[in-house]
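For chain A, the structure is supplied; the task is to place chain B on it using the hints.
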Amino acid sequence: MLYISRWKMLAIIATTLIICAFAIPNFFPKDVVDAWPKWAQRHIVLGLDLQGGSHILLEVDSNAVRQEKVNALRDDVRRVIRENKLSPASVTVKGNTVEVRIREGADARLALQKLQELSQPLGGLLQATGQRSVDVVDAGNGVFRLTVTEPALVERIRQSVDQSIQIIERRVNELGTVEPSIQRQGVDRVLVQVPGLQDPQRLKDLLGKTAKLTFRMVDMTTTPEQAQQGRVPPDSELLYGSASENKQPYVIEKQVVVSGEDLVDAQPGFDQRTSEPIVSFRFNTNGARRFAQATQENVGRPFAIVLDNEVISAPVIREPIIGGSGQISGNFSVQSANDLAILLRAGALPAPLTIIEERTVGPGLGQDSIENGLRAAWIGSFAVIIFMFATYGLFGLFANIAVAFNVAMILGILSLLNATLTLPGICGIVLTVGIAVDSNVLIYERIREEVRAGRSALNAIDAGFQRALATILDSNITTFIAAAVLFYIGTGPVRGFAVTLGIGIITTVFTAFTLTRLMVALWVRWWRPRTVPI
Amino acid sequence: MRIPLLRIVPDDTKFDFMRFRRISFPVSALLSIVAIALFFHNGLNLGVDFVGGTLMEIQSKQGPADLAKMRSTMSSLNLGEVQLQQFGAPTDVLIRIPQQPGGELAQQQAAQKVRAALGDTVDVRRTEVVGPRVSTELLAYGMIGLLVAICGIFVYLWFRFEWQFALGAMIANVHDLVLTIGFLSLFQIEFDLNGIAALMTILGYSLNDTVVIYDRIREMLRRYKKMPIADLLNISVNSTLSRSVITHVTVTLALLALFFFGGHAIHAFTATMLFGVVLVGTYTSIFIAAPILIYLGVGLGRQEADEPSPTKFEAEVTKMGKPSGVAKPAAAKR
Chain A
2 MLYISRWKML
12 AIIATTLIIC
22 AFAIPNFFPK
32 DVVDAWPKWA
42 QRHIVLGLDL
52 QGGSHILLEV
62 DSNAVRQEKV
72 NALRDDVRRV
82 IRENKLSPAS
92 VTVKGNTVEV
102 RIREGADARL
112 ALQKLQELSQ
122 PLGGLLQATG
132 QRSVDVVDAG
142 NGVFRLTVTE
152 PALVERIRQS
162 VDQSIQIIER
172 RVNELGTVEP
182 SIQRQGVDRV
192 LVQVPGLQDP
202 QRLKDLLGKT
212 AKLTFRMVDM
222 TTTPEQAQQG
232 RVPPDSELLY
242 GSASENKQPY
252 VIEKQVVVSG
262 EDLVDAQPGF
272 DQRTSEPIVS
282 FRFNTNGARR
292 FAQATQENVG
302 RPFAIVLDNE
312 VISAPVIREP
322 IIGGSGQISG
332 NFSVQSANDL
342 AILLRAGALP
352 APLTIIEERT
362 VGPGLGQDSI
372 ENGLRAAWIG
382 SFAVIIFMFA
392 TYGLFGLFAN
402 IAVAFNVAMI
412 LGILSLLNAT
422 LTLPGICGIV
432 LTVGIAVDSN
442 VLIYERIREE
452 VRAGRSALNA
462 IDAGFQRALA
472 TILDSNITTF
482 IAAAVLFYIG
492 TGPVRGFAVT
502 LGIGIITTVF
512 TAFTLTRLMV
522 ALWVRWWRPR
532 TVPI
Chain B
6 MRIPLLRIVP
16 DDTKFDFMRF
26 RRISFPVSAL
36 LSIVAIALFF
46 HNGLNLGVDF
56 VGGTLMEIQS
66 KQGPADLAKM
76 RSTMSSLNLG
86 EVQLQQFGAP
96 TDVLIRIPQQ
106 PGGELAQQQA
116 AQKVRAALGD
126 TVDVRRTEVV
136 GPRVSTELLA
146 YGMIGLLVAI
156 CGIFVYLWFR
166 FEWQFALGAM
176 IANVHDLVLT
186 IGFLSLFQIE
196 FDLNGIAALM
206 TILGYSLNDT
216 VVIYDRIREM
226 LRRYKKMPIA
236 DLLNISVNST
246 LSRSVITHVT
256 VTLALLALFF
266 FGGHAIHAFT
276 ATMLFGVVLV
286 GTYTSIFIAA
296 PILIYLGVGL
306 GRQEADEPSP
316 TKFEAEVTKM
326 GKPSGVAKPA
336 AAKR
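Chains as they are written, first to last, in our numbering: chain A, 2 to 535; chain B, 6 to 339.
Everything labelled a hint here was simulated from the structure, so no lab data went into it. Be aware that a few hints might be false.
On the chain B side, residues computed to face chain A include the following (Cβ under 10 Å) [said to hold, decoys possible]:
no. : residue
1   : Gly107
2   : Glu133
3   : Leu172
4   : Ala174
5   : Ala262
All values derive from a computational prediction rather than experimental measurement. Glycine is no exception: its CB is placed at the ideal position from the N, C-alpha and C atoms.
Chain A with its partners taken away, still in its complex shape (with noise of 0.2 Å):
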């Protein structure tokens, strides 16, 4: 065990020095590290506990996605009655079942077929399952239900989630921080870290939006007093104004004449005569000409600016807006009318999202708990070593060499990772420390008893070390498998305690099986010493 050959010992002096090295970075401001080669820049990031920041996770609005995949299921069904001239049919939605009875008399298989058709493998050619989009039962007498498979609405959630992760992406990246992270969690959820922000509710209302945009014309057949009560012709629905108008009612048809889908860009800006805030946006081609259209035919009525079934604005159309440009107002303050072209520019998300956890750290908390941690780092680190020097003297010193040896290693691999450093992290860090010197007792505590039972000082450290490694592992691995269990079921904070806890352990066994060992060979091969002193 005391014997060490030369490359062994350059491997363990190289291999600790190399991890220690990645630790560098750590210490030197970002605008000098940034000037280094790529592959010398990873470093710890701090956890949003530490630098402040928001944790917001969202979740789609299943039933949303739901009702959309049911709506154009039944869309669907109703125009392959129409095509096929079923009709007179009646089509109802139960759940997530189409319900359609054909007309008396007419080609029930044709139907069948035809119906059949809306049906579509999932999966895409790459991954074919096997399974398809819509279960379509013949039911007798004209009447076939339909229903949305649930492998469906399970992709098609997975869908909007990787819609909605780039559209947040766009939404956050508009806010101008450092670093934000946007990751999928799950099926149907999206996790986001934004570091370093002075306002999580601006970052909130940013997620909370649809920002679903749509311009629509003012149904004139009625009156909002009659809407309100119940009287709402069928192809249009009642709506109300943002509350800055005082949630003033309207009537809005239903039909889209150009949708958000359409915006080449929207920016907030001033209006020139009243100078209130505004957003200017332009249309694509396509939907300029359909604007273009819809105002000429509709000039001198009103038109409404939805967004998330809330009305904007409904200014009357004085003249065909033929450019593709106009503006939008609505009693915007600077901010708002920045953030609604924020959201225009970013596009609409696929289905609503909820926040269903929020965590947010103000940047004061987050300072004072880097100086807490680092203080009680310090205060702990520096009673172990006394203790320890006090009560293994020389062969303390050895263990406190390691030991510095150990922490400095765990930060080289964090920063190896990248990983994240939160203060439960900076805990697991403080308790590895009172944990790795635990290895070095157990050597030197074996070594004790070796040199009571009567061996000579080098057999004794000998068989001391050779016995307690054995004990070291097997009692190291039990709180390994609690750090592993608890990296996989904890989030955020706790996650970085299980991080530095478990890397510990790791250094903590190597530091004992190599360095620790290499201070005590290289000191028995000069010393030659005849007792042993501890």
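Only chain B this time, still in chain A's reference frame:
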């Protein structure tokens, strides 16, 4: 270099730990029952992570926070029983808003209301809003995680040792968890995700300790084929005692530093660990984990073992004093 070194445990300690089991087992059983009773009677003070709702940490901008005034402001918001608690400095207040009826969105609205009501007089340092769905999941994951960890460690120990050891370690350490939960319940320490992390760590470290003793017992079992099991356990515990104590001193030093200087955010976490790792963990490995092996029938396959007798114990300890040869059976397997 001849400064006397610190010896906390004298070299020739021969405490009869096994006889102490007649006290430690009933005491532990009683304490466990008390802990379970406390848990069912008082329950745990579950944090927002597990029951949902909102937690806000605020700092008054103008001197010490006026809790009474804040309380009346809160009660006018109709958000149920809002708890206010001073947190560290007199300017800092922790506000707990219970889960609001009306699903996910209602939680966000409640937090917004509180923020608006407090206005510019305070600095919101931390906000945690956990909706009903997430809190249910977190609690479930936490419990599943603990179970998985216990099972994982059990399986590992089973592979490394005989089943009696694995079972003994599990009984001992579930006992640790039960006592710690009783402690949490008694002092109504807030139990959140950090609490789960603390429990998991307690589990890991108590086992770490237990494994060190078991390792020694295994070694002794191989070396002394004829020694009565109780004596053998006594020797094992005594010879690892110094290590147990020294390691616990260092862990305690680290934890005390965290407790006193680590700030309020980790107070509950470190308090739980101090209790679980330092107080209970040490006691358990020595007074429960080792003696329980007698009842689980460890070493029965060797020679017939009698009840422990002090004289025999003394005799064996002296016998052990001789070096046991280089090619020892214990090292052969490694």
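Quiz item: Hint numbers the structure violates, sorted upward?
Solution: 1, 3
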